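Construct all of the structure, not just a fragment, from the sequences and the given hints.
Line order of the protein sequences matches chains A and B.
My numbering numbers the first residue of the first sequence as 336 and each following residue consecutively.
My numbering numbers the first residue of the second sequence as 336 and each following residue consecutively.
Same chains, same names: a pair is fine if it fits in one copy or spans any two.
Here are the simulated lysine to any residue pairs, SDA-like style, with alpha carbons at most 20 Å apart:
#, residue 1, residue 2
1, Lys512, Val486
2, Lys512, Trp438
3, Lys491, Lys512
4, Lys491, Pro541
5, Lys491, Pro539
6, Lys491, Arg511
7, Lys491, Gln535
8, Lys512, Arg490
9, Lys504, Gln535
10, Lys512, Ser481
11, Lys477, His537
12, Lys477, Glu516
13, Lys504, Gly433
14, Lys491, Leu532
15, Lys512, Pro492
16, Lys504, Arg346
17, Lys491, Thr518
18, Lys491, Arg502
19, Lys491, Arg540
20, Lys491, Gly536
21, Lys504, Val525
22, Lys491, Val534
23, Lys477, Gln452
It should be emphasised that the hints constitute simulated quantities derived from the structure, not laboratory data.
Keep in mind it's a predicted model, so treat the numbers as computed, not measured.
Residue strings, one per chain:
Protein chains: 2
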Amino acid sequence: VTETLPADLPRLTPDTQEGGRDAAAAAARRLVDAVLRAGDAEDLTQVTRRIDALADELLAEAPSVEERLVEMWAPPRPRHDAATGAENPVAPPLTVYGDADGWVEGRVTLPLAYQGQPGIAHGGISALMVDHTLGVANNWAKNSGSTARLVLNYRKPVPLFTPLTLRAKQVGAEGRKIFTEGTLYANGEVCVEAEALFVQGHFPRPAR
Amino acid sequence: VTETLPADLPRLTPDTQEGGRDAAAAAARRLVDAVLRAGDAEDLTQVTRRIDALADELLAEAPSVEERLVEMWAPPRPRHDAATGAENPVAPPLTVYGDADGWVEGRVTLPLAYQGQPGIAHGGISALMVDHTLGVANNWAKNSGSTARLVLNYRKPVPLFTPLTLRAKQVGAEGRKIFTEGTLYANGEVCVEAEALFVQGHFPRPAR
Numbered sequence: 336v337t338e339t340l341p342a343d344l345p346r347l348t349p350d351t352q353e354g355g356r357d358a359a360a361a362a363a364r365r366l367v368d369a370v371l372r373a374g375d376a377e378d379l380t381q382v383t384r385r386i387d388a389l390a391d392e393l394l395a396e397a398p399s400v401e402e403r404l405v406e407m408w409a410p411p412r413p414r415h416d417a418a419t420g421a422e423n424p425v426a427p428p429l430t431v432y433g434d435a436d437g438w439v440e441g442r443v444t445l446p447l448a449y450q451g452q453p454g455i456a457h458g459g460i461s462a463l464m465v466d467h468t469l470g471v472a473n474n475w476a477k478n479s480g481s482t483a484r485l486v487l488n489y490r491k492p493v494p495l496f497t498p499l500t501l502r503a504k505q506v507g508a509e510g511r512k513i514f515t516e517g518t519l520y521a522n523g524e525v526c527v528e529a530e531a532l533f534v535q536g537h538f539p540r541p542a543r
Numbered sequence: 336v337t338e339t340l341p342a343d344l345p346r347l348t349p350d351t352q353e354g355g356r357d358a359a360a361a362a363a364r365r366l367v368d369a370v371l372r373a374g375d376a377e378d379l380t381q382v383t384r385r386i387d388a389l390a391d392e393l394l395a396e397a398p399s400v401e402e403r404l405v406e407m408w409a410p411p412r413p414r415h416d417a418a419t420g421a422e423n424p425v426a427p428p429l430t431v432y433g434d435a436d437g438w439v440e441g442r443v444t445l446p447l448a449y450q451g452q453p454g455i456a457h458g459g460i461s462a463l464m465v466d467h468t469l470g471v472a473n474n475w476a477k478n479s480g481s482t483a484r485l486v487l488n489y490r491k492p493v494p495l496f497t498p499l500t501l502r503a504k505q506v507g508a509e510g511r512k513i514f515t516e517g518t519l520y521a522n523g524e525v526c527v528e529a530e531a532l533f534v535q536g537h538f539p540r541p542a543r
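Below, the structure is given as structure tokens:
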């Protein structure tokens, strides 16, 4: 597992842009962290009112969910998924780069919001990071689909606040079936090993 | 899969309280949704500044992460995990009830932030909901541990904006090994089937 990536590896997940929706999502991500970080002694009544007021203002101007889904899925590449979405405050976000020989490499550091046991990422969050990286490896191999079976072996706890590396590769294909493998590392050690079956095909993008 | 739960089933995940940190987390959850729901035409510059200001204020008063971890994990039951945490804006939150014969039943409806493919929950988010429900089933059986192996079979897409039901049960134990199974349903159909191996033991709670 390399510590640094060559600067010229293509980024396969959304770049984070300076302003616009990415900046709003980044601020919301900071706020999520701040709500969790706030001490037990703090009175959150006023803060809660101000957060609610912001949400009210945005929702009052928002299009219907149906219209918004059409916007979100308009070409080019979607930027809002729950793992890598620069526009999605729930996404840490994970970033994934294309590497040589069909490998992809992902990078993420998980803050407090992704906790399961004390100081440790929730096993389901590791599953989310791994599943997504496997999917990106399939895109990189230009033969992708939907997860049909995912097998995760948890070898060591995945620490929060620590740079994590994920590696994945499509290892085979047979008709519509796609076989993909990946590993999540922390501090140079294997934490989670995964193998998955994907089946070719995606759900259609909503259109007007 | 029952449509309604008997009113007297014990709730095994945190109750949501009216004010305090739960209300702040609920507001932050609404804001996350609102940022994703905002139309492409909207100028988010002012909103971004106000969200950042709120985060700045909270973080300026916040204890260190080490101190905060001690607070979060102080007895009684923790309320901040990434799946069910009433205090965690990243958690949808999932709620889980104890049922007869060792079964537990979970309920969740996933908004836009948990999207993978169009209108469909991210496969990794289904994994998070399932993994957590299996863990709660182990707590309910009074024999719990950490996920060692998780096998997920994805049968049908998991829709957003739709009440989902999860069912899980501990099916066996052998020494420190625990075997647990579960299913995620939507609209009365099986969407994800899971089986897992857990190993007894938890990471210690941080103390001063």
